[in-house]
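Asks: Sequence:
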Amino acid sequence: MLNMREPKDKDECQSFLGSVGYYRRFVDNFAGQAEPTTKLLKKTSKFEWGEAQRKAFTYLQSSLISPPILSYPIRAHVKIITCDASLVDQETVVAYGSKTLNATQKNYSINDLEAMAIVWAVNRYRHYLSSKEEFVIRTDHVALVFIFESDKPSPKLQRWKACLMGYKYRVEFKPGKENPADSLSRLV
63 MLNMREPKDK
73 DECQSFLGSV
83 GYYRRFVDNF
93 AGQAEPTTKL
103 LKKTSKFEWG
113 EAQRKAFTYL
123 QSSLISPPIL
133 SYPIRAHVKI
143 ITCDASLVDQ
153 ETVVAYGSKT
163 LNATQKNYSI
173 NDLEAMAIVW
183 AVNRYRHYLS
193 SKEEFVIRTD
203 HVALVFIFES
213 DKPSPKLQRW
223 KACLMGYKYR
233 VEFKPGKENP
243 ADSLSRLV
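The sequence shown begins at 63 in this note's numbering and counts up one residue at a time.
Possibly wrong hints are sitting among the right ones.
To be verified - Pairs of lysine to aspartate or glutamate residues, derived as EDC-like cross-links and limited to a Cα-Cα distance of at most 16 angstroms, are as follows:
hint, residue 1, residue 2
1, Lys70, Asp90
2, Lys72, Asp90
3, Lys223, Asp213
4, Lys105, Glu176
5, Lys72, Glu110
6, Lys108, Asp71
7, Lys104, Asp174
8, Lys101, Glu113
9, Lys105, Glu68
10, Lys117, Asp174
11, Lys230, Glu211
12, Lys117, Glu68
13, Lys108, Asp90
14, Lys161, Glu176
15, Lys101, Glu74
16, Lys230, Asp174
17, Lys218, Glu176
18, Lys104, Asp73
19, Lys223, Glu211
20, Lys104, Glu74
21, Lys218, Asp174
22, Lys117, Glu97
23, Lys230, Glu195
24, Lys161, Asp174
25, Lys161, Asp90
26, Lys230, Glu196
27, Lys108, Glu74
28, Lys105, Asp71
29, Lys161, Asp213
What the hints assert, rightly or not - Distance ranges between label pairs, derived from CB positions:
hint, residue 1, residue 2, range
30, Ser216, Ile127, 39 to 47 angstroms
31, Tyr229, Ile172, 20 to 28 angstroms
32, Val207, Gln167, 16 to 24 angstroms
33, Lys218, Asn65, 45 to 53 angstroms
34, Gly83, Gln167, 17 to 25 angstroms
Source of the hints: derived by calculation from the structure; they are not laboratory data.
Ideal placement from N, C-alpha and C gives every residue a C-beta, glycine not left out.
Working from the sequences, and respecting the hints, build out all of it.
Replies: This is the structure:
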């Protein structure tokens, strides 16, 4: 991994991102960190390797040779999905996940974005979650607790709630300053 050289064109950049992308769940905020290099792959973009791409390349390269602070999920433990994670919790990270928003999603309200993050995380990590055992969805967005408990959410939120119908879960509020995912999302 250390012997990889910086990409000189779009093909080499795509090859690099494909190689490191395989390990994306072990890299904190992969999508955000890789964004300067992924932007170069757009058909409308000219390949210009600059300082932002160099930093992204170095970060991704070094993150794959550093020991991850991840652990295997323990079946008997309650699973917690923290959208937006706490540096004061006695919990361990099983996987990191991040997603780049498309143009439409960038126009969503904060309620919709936070709800979408929950549904995305549950779907992405469904193999860790059992439909029989309750898990906790922790958010720093207090309105989501009420929205998920509401009988009359918006049509979009109803669809997202329907995606979670096969699971036993409860939504908990945890203020941003105590929520590690919040601090991680602000680094981007």
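Asks: Confirm or reject each hint.
Replies: Structure-based check of all given hints:
| no. | hint | verdict |
| --- | --- | --- |
| 1 | Lys70 / Asp90 | 26 angstroms, violated |
| 2 | Lys72 / Asp90 | 24 angstroms, violated |
| 3 | Lys223 / Asp213 | 11 angstroms, holds |
| 4 | Lys105 / Glu176 | 30 angstroms, violated |
| 5 | Lys72 / Glu110 | 9 angstroms, holds |
| 6 | Lys108 / Asp71 | 10 angstroms, holds |
| 7 | Lys104 / Asp174 | 27 angstroms, violated |
| 8 | Lys101 / Glu113 | 14 angstroms, holds |
| 9 | Lys105 / Glu68 | 20 angstroms, violated |
| 10 | Lys117 / Asp174 | 32 angstroms, violated |
| 11 | Lys230 / Glu211 | 13 angstroms, holds |
| 12 | Lys117 / Glu68 | 11 angstroms, holds |
| 13 | Lys108 / Asp90 | 28 angstroms, violated |
| 14 | Lys161 / Glu176 | 12 angstroms, holds |
| 15 | Lys101 / Glu74 | 14 angstroms, holds |
| 16 | Lys230 / Asp174 | 21 angstroms, violated |
| 17 | Lys218 / Glu176 | 12 angstroms, holds |
| 18 | Lys104 / Asp73 | 12 angstroms, holds |
| 19 | Lys223 / Glu211 | 10 angstroms, holds |
| 20 | Lys104 / Glu74 | 14 angstroms, holds |
| 21 | Lys218 / Asp174 | 8 angstroms, holds |
| 22 | Lys117 / Glu97 | 11 angstroms, holds |
| 23 | Lys230 / Glu195 | 6 angstroms, holds |
| 24 | Lys161 / Asp174 | 15 angstroms, holds |
| 25 | Lys161 / Asp90 | 11 angstroms, holds |
| 26 | Lys230 / Glu196 | 5 angstroms, holds |
| 27 | Lys108 / Glu74 | 14 angstroms, holds |
| 28 | Lys105 / Asp71 | 13 angstroms, holds |
| 29 | Lys161 / Asp213 | 29 angstroms, violated |
| 30 | Ser216 / Ile127: 39 to 47 angstroms | 45 angstroms, holds |
| 31 | Tyr229 / Ile172: 20 to 28 angstroms | 24 angstroms, holds |
| 32 | Val207 / Gln167: 16 to 24 angstroms | 22 angstroms, holds |
| 33 | Lys218 / Asn65: 45 to 53 angstroms | 47 angstroms, holds |
| 34 | Gly83 / Gln167: 17 to 25 angstroms | 20 angstroms, holds |
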